[in-house]
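Single-letter residue listing:
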Amino acid sequence: MNHASLLTRESFIELGARARAHALLDPGSFRELAGPFDRLVSPWLERQGVVPQADDGVVVAKGRIGGQPTVVLAIEGAFQGGSLGEVGGAKIAGALELAAQDNRRGVPTRAVILFETGGVRLQEANLGLAAIADIHAAIVDLRRYQPVVGVIAGTVGCFGGMSIAAGLCSYLVVTREARLGLNGPQVIEQEAGVAEYDSRDRPFIWSFTGGEQRIATGLADRYVEDDSDAIRAAVQALLAGGVPAAHRSERYAHYLQCLAEYDPARQPEPETVRAIYAPGAKS
Amino acid sequence: MSTSTSTASAPGRGETWLAALTRNAPRRPGYPATVQVADAELGGRPARFIAVVPDAANAYPRVRGGEVGLLEGWSLAQAVHEVVQADRDAAIKRPIVAIVDTPSQAYGRREEAFGIHQALAGAAGAYATARLQGHPVIALLVGRAMSGAFLAHGYQANRLIALDDAGVEVHAMGKQAAARITMRSVEDLESFAASVPPMAYDIGNYATLGLLWKMIGVKHAAQPDAADLDTVHGALQAALADIQADPHPDLRSRLGGQNRQASSRVREVLAQQWQD
Amino acid sequence: MEQLQFEYPAGAPASQRVLVGVVGSGDLEVMVEPGTSGTTTIHVTTSVDGYGKVWDAQLSRVFGAGPRAAMRIRIHDFGATPGVVGMRLAEAFEALGTDGGEQS
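Residue numbers (this note's numbering), protein chains in the order written: chain A, 28 to 310; chain B, 237 to 512; chain C, 4 to 107.
I should point out that these hints are in silico values taken from the structure, not numbers from a laboratory.
For glycine and all other residues, C-beta sits at the position ideal for the given N, C-alpha and C.
Hints are not guaranteed to be accurate.
[Stated by the list, open to error] Subject to a maximum C-alpha distance of 20 Å in a straight line, what follows is the list of computed SDA-like cross-link-like pairs (lysine to any residue):
| # | chain 1 | residue 1 | chain 2 | residue 2 |
| --- | --- | --- | --- | --- |
| 1 | B | Lys455 | B | Val468 |
| 2 | C | Lys56 | C | Gly100 |
| 3 | B | Lys455 | B | Lys411 |
| 4 | B | Lys411 | A | Arg301 |
| 5 | B | Lys411 | A | Glu216 |
| 6 | C | Lys56 | C | Pro37 |
| 7 | B | Lys411 | A | Gly220 |
| 8 | B | Lys411 | A | Thr299 |
| 9 | B | Lys329 | B | Gln473 |
| 10 | B | Lys411 | A | Gln217 |
| 11 | C | Lys56 | C | Asp30 |
[Unchecked claim] Far from chain B, some chain A residues (derived; all Cβ distances over 10 Å):
| # | residue |
| --- | --- |
| 12 | Glu37 |
| 13 | His49 |
| 14 | Asp53 |
| 15 | Gln95 |
| 16 | Glu218 |
| 17 | Asp248 |
[Said to hold, decoys possible] Just so you have them, the derived chain A footprint on chain C, three or more residues with Cβ under 8 Å:
| # | segment |
| --- | --- |
| 18 | 20 to 30 |
| 19 | 45 to 55 |
| 20 | 70 to 82 |
Sequences are here, hints too, so could you generate the full structure?
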């Protein structure tokens, strides 16, 4: 990175959800749906003494990217760790459902999901989980027509049921700060012990679930610096590429073949995964 | 056997019900011990039944209690895609029944390293694809249906059926784990659950969310007798008929529950505001 | 968690609505909408109990010295200090396009 670009670089990570959506959409095209002034707060938080947020931590922004109709679903990581409750989950699922419906009517609406989330909001447990199942269903529906692009920028990263949603996306953009994993480090440590997973060892965690490792092992598609312009360009290019011939989540034969080469008797190192998943290692 | 802290359901319900519902049909070869796949008739026509089960000797330590891990996720994808491919040109798509009793996704270093999130996406995506292609997908909850494991195996079904039994639980995180991570006692969590229906573990509270198509009473949830089997077979066939009569292959039938009204309201507002 | 309500005399309704902030730890969101002519109402939901007087003092300082446009304000607070509250309110007024003073 040269001096000039360091000076002009605008951090995407430092932006909140709404500003991130603005940054990705064509200037002037941003229109928020089911927004904070529609008063769709969580029906479940206040009775548990938790202060709600008016948009329930999710921004639905309809507009254009590269002139094409696109809806951006941006999760606010600063509110309850980006965890999804009934309302936030319904906003994402509902918007994806409408995008799929658009395509069935000949309108080529695409979707971009900004994953900044720990997964299900435990205070809404089963409604959060059900909403995430709806999101999975809607991604699989929409991705038949248009690419669904996921962006994981950090600092919260993408965990829980929403990491499965990320795995269903057509393409994933990650930064170095990003993490993508199913279970949070603390839960793994609790369940399996500190020798299995030390949740306080940041280099260890990033070495397995960080953006650099995920791109190196083929579990993400673009590795981009923390810069709004760069992320916008990556998203635009991926959308323009259209639906992939096969989604990563459809490649079960490939992944089963790779894993057959791994002996689970020993804990893996990051290098183990790079070797097992190296392109050309298996067909 | 597994020393899982949960005593909610005895290990083996998945395997027990799979064997019973398929009249001991042979397991398909080519799957790990943790993923049991059997083809048998449902309503007089071929169907595929799938269960994820414990395996005390498994080479992956974190799946020994019936957890859904790396091989389980990708193998579920294989089991479902096989059927989708086989029926690609068929007018009638065969049903797929996911028999669910699983304590959670697998928690471990191997799993995170090799991308368990991607393996579970493989499974969830396969079930969703089958459903969109016209296969009737039914999830039969006979024990625990927990978090990522349930998202991968069962939650993409057209219809969810649960046994009305204390051993049947649905949740986003096991009680012990949830108590530890939120730094509350299990008793505290349980008292919250009493006033916050979505936080409850039991299937009665879950039913108020409107996600279940049916709850079925059986006499012996862990070891079904002939009458129990008849009851469940009947319910599966009724679900099949309901799916076949439904013009929509999506999950909209889960909306409208008394404790899930905001989910419908949000969709209403989005639809009203959608057009540019 | 506490719910607090405040009311202040004001002028003509504000001309637009704005939202600033986020309900993160130590932070708050402030939503401003046009109010009924003559009155600004403020509803605060705060995670910290027992600070009613501190809110009263601060909000009276900001809204009691007139004149401001009539606003309907909703605050969701997650333990912000008075300094942070003041900063978010200033942000809101700036977003409104003026110092929140009476609209012509």
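Tested hints:
{"no.": "1", "hint": "B:Lys455 <-> B:Val468", "result": "holds (11 Å)"}
{"no.": "2", "hint": "C:Lys56 <-> C:Gly100", "result": "violated (30 Å)"}
{"no.": "3", "hint": "B:Lys455 <-> B:Lys411", "result": "violated (26 Å)"}
{"no.": "4", "hint": "B:Lys411 <-> A:Arg301", "result": "violated (35 Å)"}
{"no.": "5", "hint": "B:Lys411 <-> A:Glu216", "result": "holds (16 Å)"}
{"no.": "6", "hint": "C:Lys56 <-> C:Pro37", "result": "violated (26 Å)"}
{"no.": "7", "hint": "B:Lys411 <-> A:Gly220", "result": "holds (18 Å)"}
{"no.": "8", "hint": "B:Lys411 <-> A:Thr299", "result": "violated (34 Å)"}
{"no.": "9", "hint": "B:Lys329 <-> B:Gln473", "result": "holds (15 Å)"}
{"no.": "10", "hint": "B:Lys411 <-> A:Gln217", "result": "holds (13 Å)"}
{"no.": "11", "hint": "C:Lys56 <-> C:Asp30", "result": "holds (19 Å)"}
{"no.": "12", "hint": "Glu37", "result": "holds (28 Å)"}
{"no.": "13", "hint": "His49", "result": "holds (17 Å)"}
{"no.": "14", "hint": "Asp53", "result": "holds (13 Å)"}
{"no.": "15", "hint": "Gln95", "result": "holds (13 Å)"}
{"no.": "16", "hint": "Glu218", "result": "violated (4 Å)"}
{"no.": "17", "hint": "Asp248", "result": "holds (13 Å)"}
{"no.": "18", "hint": "20 to 30", "result": "holds (count 6)"}
{"no.": "19", "hint": "45 to 55", "result": "holds (count 3)"}
{"no.": "20", "hint": "70 to 82", "result": "holds (count 4)"}
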